[in-house]
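K.L.:
Residue numbers (the numbering used here), protein chains in the order written: chain A, 1 to 501; chain B, 1 to 336; chain C, 1 to 340.
Since the hints were derived computationally from the structure, they do not count as laboratory data. The beta-carbon is built from N, C-alpha and C at its ideal position, and this holds for glycine as well. Just to be clear, a hint being listed does not mean it is correct.
Derived CB-CB ranges, DEER-like [as the list claims (entries may be wrong)]:
no. : chain 1 : residue 1 : chain 2 : residue 2 : range
1   : A       : Q436      : B       : A308      : 50 to 58 Å
2   : C       : E326      : B       : A308      : 46 to 54 Å
3   : B       : A308      : A       : L141      : 42 to 50 Å
4   : A       : S139      : C       : G302      : 57 to 65 Å
5   : C       : F189      : B       : P92       : 48 to 56 Å
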Amino acid sequence: MTPAPPPLLEVRGLCKSFPGVRALRNVHLSLAQGEVLAVVGENGAGKSTLMKILAGIEQPDQGEILIGGKPVRLGSVREAAHQGIALIHQELNLSDNLDIGANIFLGREPTRFGCIDHGRICRSSEALLDEVGLRQSPSTLVSRLSIGQQQLVELAKALSWEARVLIMDEPTSSLSQGETEQLYRVIARLRDRGVSIIYISHRLAEVRELADRVIVLRDGANAGELARAEVSHDALVRLMVGRDPSDFYPRTTHTPGKTLLEVTDLRTTAHPRARVSFTVREREIVGLAGLVGAGRTEVLRTLFGMDRSLGGTIRMGGIHLHRHTPGDAIDAGLALAPEDRKQLGLILEMAVGQNLSLVSLARDQRLGFLNRAAETRVATEAVGQLRVKTPSLDQPVFFLSGGNQQKLVLGKWLAMKPRLLLLDEPTRGIDVGAKQEIYRLMEQLADAGMGVLFVSSEMEEILGMSDRVLVMHEGRITGELDRSDLSGEAILHLATGNAAQ
Amino acid sequence: MQRSDIGPMKKTLGILALLFVVCAFTAIYNPKFLSAYNVLNTLRWTSLFGIVGIGVSLVIITGGIDLSIGSVIGLVGSTLAVLLTQKHWGVPAALCAVLALSAAIGLFHGLLITRLGLQPFVVTLCGLLLYRGIARYVTDDQSLGFGSDYEGLRVLAIGKVAVPLSGGFQFPVPFFITGAIAILAGLFLHQTIYGRYLLALGRNELAAKYSGIDTAKMKLLAYLACSLLAGIAGILFALDLNSIQPSGLGEFYELYAIAAAVLGGCSLRGGEGSILGVLIGTALLRVLYNAINILNIPTHLEFAIIGAVILSGVVADEAVKRFSARRRAVRAAAQA
Amino acid sequence: MHPWVRLTATAVALLCFTATPLPTLAAAAKKRIAYVTNGVDPFWDTAAAGVHAAEKEFGIKCDILMPPKGIGDQKRMIENLLAQGVDGIAISPIDAKNQIGLINEASRQANVITHDSDAPGSKRLCFVGMNNYRAGRAAGVLVKEALPDGGQLMIFVGRLEQLNAQQRRQGVIDELLDRPEQDLEKMKFDPPGKVVGGGKYGILDTRTDNFDYARAKANAEDAMAAHPELTGMVGLFAYNTPKCLEAVREAGKLGKIKLVGFDEQDATLQGIIEGHIQGTISQQPYYYGYHSVRILNALSNGDKSVLPKNGFYEVPIVQVRKQNAEAFRTELKKLQAAGK
Numbered sequence: 001m002t003p004a005p006p007p008l009l010e011v012r013g014l015c016k017s018f019p020g021v022r023a024l025r026n027v028h029l030s031l032a033q034g035e036v037l038a039v040v041g042e043n044g045a046g047k048s049t050l051m052k053i054l055a056g057i058e059q060p061d062q063g064e065i066l067i068g069g070k071p072v073r074l075g076s077v078r079e080a081a082h083q084g085i086a087l088i089h090q091e092l093n094l095s096d097n098l099d100i101g102a103n104i105f106l107g108r109e110p111t112r113f114g115c116i117d118h119g120r121i122c123r124s125s126e127a128l129l130d131e132v133g134l135r136q137s138p139s140t141l142v143s144r145l146s147i148g149q150q151q152l153v154e155l156a157k158a159l160s161w162e163a164r165v166l167i168m169d170e171p172t173s174s175l176s177q178g179e180t181e182q183l184y185r186v187i188a189r190l191r192d193r194g195v196s197i198i199y200i201s202h203r204l205a206e207v208r209e210l211a212d213r214v215i216v217l218r219d220g221a222n223a224g225e226l227a228r229a230e231v232s233h234d235a236l237v238r239l240m241v242g243r244d245p246s247d248f249y250p251r252t253t254h255t256p257g258k259t260l261l262e263v264t265d266l267r268t269t270a271h272p273r274a275r276v277s278f279t280v281r282e283r284e285i286v287g288l289a290g291l292v293g294a295g296r297t298e299v300l301r302t303l304f305g306m307d308r309s310l311g312g313t314i315r316m317g318g319i320h321l322h323r324h325t326p327g328d329a330i331d332a333g334l335a336l337a338p339e340d341r342k343q344l345g346l347i348l349e350m351a352v353g354q355n356l357s358l359v360s361l362a363r364d365q366r367l368g369f370l371n372r373a374a375e376t377r378v379a380t381e382a383v384g385q386l387r388v389k390t391p392s393l394d395q396p397v398f399f400l401s402g403g404n405q406q407k408l409v410l411g412k413w414l415a416m417k418p419r420l421l422l423l424d425e426p427t428r429g430i431d432v433g434a435k436q437e438i439y440r441l442m443e444q445l446a447d448a449g450m451g452v453l454f455v456s457s458e459m460e461e462i463l464g465m466s467d468r469v470l471v472m473h474e475g476r477i478t479g480e481l482d483r484s485d486l487s488g489e490a491i492l493h494l495a496t497g498n499a500a501q
Numbered sequence: 001m002q003r004s005d006i007g008p009m010k011k012t013l014g015i016l017a018l019l020f021v022v023c024a025f026t027a028i029y030n031p032k033f034l035s036a037y038n039v040l041n042t043l044r045w046t047s048l049f050g051i052v053g054i055g056v057s058l059v060i061i062t063g064g065i066d067l068s069i070g071s072v073i074g075l076v077g078s079t080l081a082v083l084l085t086q087k088h089w090g091v092p093a094a095l096c097a098v099l100a101l102s103a104a105i106g107l108f109h110g111l112l113i114t115r116l117g118l119q120p121f122v123v124t125l126c127g128l129l130l131y132r133g134i135a136r137y138v139t140d141d142q143s144l145g146f147g148s149d150y151e152g153l154r155v156l157a158i159g160k161v162a163v164p165l166s167g168g169f170q171f172p173v174p175f176f177i178t179g180a181i182a183i184l185a186g187l188f189l190h191q192t193i194y195g196r197y198l199l200a201l202g203r204n205e206l207a208a209k210y211s212g213i214d215t216a217k218m219k220l221l222a223y224l225a226c227s228l229l230a231g232i233a234g235i236l237f238a239l240d241l242n243s244i245q246p247s248g249l250g251e252f253y254e255l256y257a258i259a260a261a262v263l264g265g266c267s268l269r270g271g272e273g274s275i276l277g278v279l280i281g282t283a284l285l286r287v288l289y290n291a292i293n294i295l296n297i298p299t300h301l302e303f304a305i306i307g308a309v310i311l312s313g314v315v316a317d318e319a320v321k322r323f324s325a326r327r328r329a330v331r332a333a334a335q336a
Numbered sequence: 001m002h003p004w005v006r007l008t009a010t011a012v013a014l015l016c017f018t019a020t021p022l023p024t025l026a027a028a029a030k031k032r033i034a035y036v037t038n039g040v041d042p043f044w045d046t047a048a049a050g051v052h053a054a055e056k057e058f059g060i061k062c063d064i065l066m067p068p069k070g071i072g073d074q075k076r077m078i079e080n081l082l083a084q085g086v087d088g089i090a091i092s093p094i095d096a097k098n099q100i101g102l103i104n105e106a107s108r109q110a111n112v113i114t115h116d117s118d119a120p121g122s123k124r125l126c127f128v129g130m131n132n133y134r135a136g137r138a139a140g141v142l143v144k145e146a147l148p149d150g151g152q153l154m155i156f157v158g159r160l161e162q163l164n165a166q167q168r169r170q171g172v173i174d175e176l177l178d179r180p181e182q183d184l185e186k187m188k189f190d191p192p193g194k195v196v197g198g199g200k201y202g203i204l205d206t207r208t209d210n211f212d213y214a215r216a217k218a219n220a221e222d223a224m225a226a227h228p229e230l231t232g233m234v235g236l237f238a239y240n241t242p243k244c245l246e247a248v249r250e251a252g253k254l255g256k257i258k259l260v261g262f263d264e265q266d267a268t269l270q271g272i273i274e275g276h277i278q279g280t281i282s283q284q285p286y287y288y289g290y291h292s293v294r295i296l297n298a299l300s301n302g303d304k305s306v307l308p309k310n311g312f313y314e315v316p317i318v319q320v321r322k323q324n325a326e327a328f329r330t331e332l333k334k335l336q337a338a339g340k
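The following block holds chain A by itself, in its conformation from the complex (with noise of 0.2 Å):
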């Protein structure tokens, strides 16, 4: 009896640590010739780490990756080309100043007599275009054509390195239906062709129609395998949610008082022409689930007067919130922790104390000057409630881990007393200890009164630490569910734009 033919791709062990995180503990897939292979989990759990690693982006902490049974190193993204890996990025990577055949050959191009030979990209492109079903010319500007068939584009470019595994990190997340529908020819035909394909994906019906096999991360483990004729949308919730969260919840009941906010037919700049309507009330957490893009994101930015509204009424306390400034929403109660901490939420390179400080001082000033005892007051005070370990106020942030930093995010808040908390992703990329603190303070504030409105795409903190959950699909508000009705599934079914059951 022969053994098996060794798996074209196989990953063994793989670790990756970033600072205060474990992006991937111990995690193995194989991979066929020929073989569509869907990688499903929620944001978070270790997807993108783990293509990176494949595509000689990131190196593993430890763990073996063999072709064709021989342990190969993947130091750059030059090495895992060569040995035969592409990577499409979630976002395109094209020159759209230039013209297609020059970015398929970006880098590499033919040349002749020291020039660049126009007349071989341009026969080889056509062939590369051909395969990927694309009628467009080589010489057609990138900036002239679709999402979609920009995408297109980057197939044509891997497959001119003669690609054998196509790695395709959520490729439809832009594309229209009809789109949508050719990828999904293009990728059988590659299929046919022998290509293997690792397809990241969030949409399950996706996933049911292309994947041979489907495996499943969580918190950058496996969590598990299905065949393609196990898959189906119930048992790949239960994979990606996974263990009881209860436990790991400081949630208590509360008993919600007035209401605070009361936002009416608010169109975001994101979904113009979705209509939003919802109300947060004291001493209540509200959970703001849906899949990325679905527009949470912008409707806490236009609640905070960050982004302008295109309609719709904002009542903050009685207060109502038309054409305003970040200071006005600020003035009225509201506060904004943003997802992206070192970007939007921090100025790294200050220290701490004076980050914490920003917003406060011009409540604190005297005719302008700095009240430098107010400052430490506050900063002092921010650091004790929310242990945040630094070694000083003066430290700057930069040198703190992320959850120390996502704790600077939430504190600079605490000083101003908000009635209204807004959280975006309050959670992301950090330790699971830091997260616990996070939720801890989430619900002492609740406790004292305040309103919080959260954004989350990690499933088990919506069902974990909201008494309400909002979820929206494409800018809609597709259901608000209570506690009592409160499950994974119904939160993926509404999420994924279909109606409550």
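Go by the hints and put chains B and C onto chain A.
P.N.:
Then chains B and C, alone, in the frame of chain A:
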């Protein structure tokens, strides 16, 4: 919290050390460098250029740039001469008019940059051409002089004041003007919430916005202050020289100012800088020019020498920064 | 067709269209000549007065162009003039040695003469100006009058690249050191940056300021700080002497440091009248303008007899001292008023 200014302070000390070394070197080779007359002159030029440096440093702290300073100096100087000698305006009216003119220019820059979202480099580069052209137009491109009719006004630029306990040494009047401006600017930058806002938005404008800071207003203020200070400097330069060449007055001064600000610890990436550092940076530049003359170094070498000194200052600063960042990271890792 | 191929084709077609009628237009127009200076200065206003006087006298139109931004600006102006098809140009080259190519190119298309500063070795038809070397010697004479017992001097100038600056400087030095008169064609220059002489008269250094007035003043101040023994300053360019006077006045050394200058800025004349400046060498720019236009006009009518034999039309210099300063100023004012 007071100790959080230690980073810029260290930088200021570094540039001060460099200034001291250049002074000591020059004084050893030619002791006349320390003569009262030479010190007075160097102080006067440092004061005049320092005003411009303070102005541009406020803009640089926001992460922007102002290339139009030299032309604003030229325009203000020319306009002042036209108003006084050709239109025969009174001195207070003429001074107010040119200061209002420079403030209006700053406001114009600020509005274009904050409301229309234009790049500061482009806006002020166009300003550089525009104001120089206007200066040459309003004067018919003729040199203008104050003659000997404005000796009283010229005291602002060339007057000398003896100070008690200075041992007979007389300080130039611009020294006190710049001193007052520097104290105001220093208080503003380091002691008011608005200064903190400037530093914060220079580092990360979005994060500042998310903290409820009206970043557009603060940037507007910085450009206004920069042009206003350029206007004040323009008046003093014109009075000091007593004759104005519209095509030449102030040419390249924005570059001296930017160089001084960078030497003095401002980062062109924004969010960093101290007024004291900028003054010391200006002093270093002026001392270098002075030393080249005092030591009889051929004038054609001056740009090379000044370029080399600025570059070595910046390189040394970066080296120190990397070294201390590494030490800090090691310490932080040890604590974690 | 590729977009840029199409564009080029259109451009070529357009050019063919517009290029043909131009010469006929130019031929129909009146004769045009131009007078190009080396910068912007009141000095050139006086020259402009001469240009205007000659325009009236000979019935010709002459454009006056003053490049404010140095050599690149001057080149651009000359090229524009050639493109417009002028008949003659008078140029004051900023950097003669390196502009010979430009001057020869211009000579192919128009009558070109130089004024104020010459371009030896070029194809220019003649040079209208003073003998800068002799002017320097005349300034040296003024220094000797001011400091009969000898003294230590510094020379101040905008740029030393210009031939007129080099010749003036050498004239001053040769006169003070009582050297024999040099031949203009094969002049030897003392290198700047070295102390020259040192007997009765010493020239400590030559300082340049690139036309930055603030630098010009600071240079004079630094000279006094570095050299307490300094007794004289010579400003080679028009603005240098007034800036030296400012510095000397503020240092309280009026009368102790003797000043000699060139040209006739009002502040210089005022200083002479008040007795703070020994004197100045006026090169009579009025006649630069006047004779340049006169010669270009004749050339454009085909008359070559106006060209001097050795190619040098020398405009005599005037030494202005306290005695004749007042009268000189009155005359100058009259000329400048006529020039505007």
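K.L.:
All hints are to be evaluated individually against the structure, with a verdict given for each.
P.N.:
Going down the list of hints, with the structure as the test:
In this structure, Q436/A and A308/B meet the distance hint of 50 to 58 Å, their C-beta atoms being roughly 57 Å apart. Restraint check, E326/C to A308/B: a C-beta distance of roughly 51 Å satisfies the suggested window 46 to 54 Å. Evaluation of the 42 to 50 Å hint for A308/B and L141/A yields a pass: the beta carbon distance comes to about 46 Å. The hinted window of 57 to 65 Å between S139/A and G302/C holds, with their beta carbons roughly 59 Å apart.
Between F189/C and P92/B the beta carbon distance is about 52 Å. The supplied range of 48 to 56 Å therefore holds.
When held up to the earlier numbered hints, the structure conflicts with none and fits them all.
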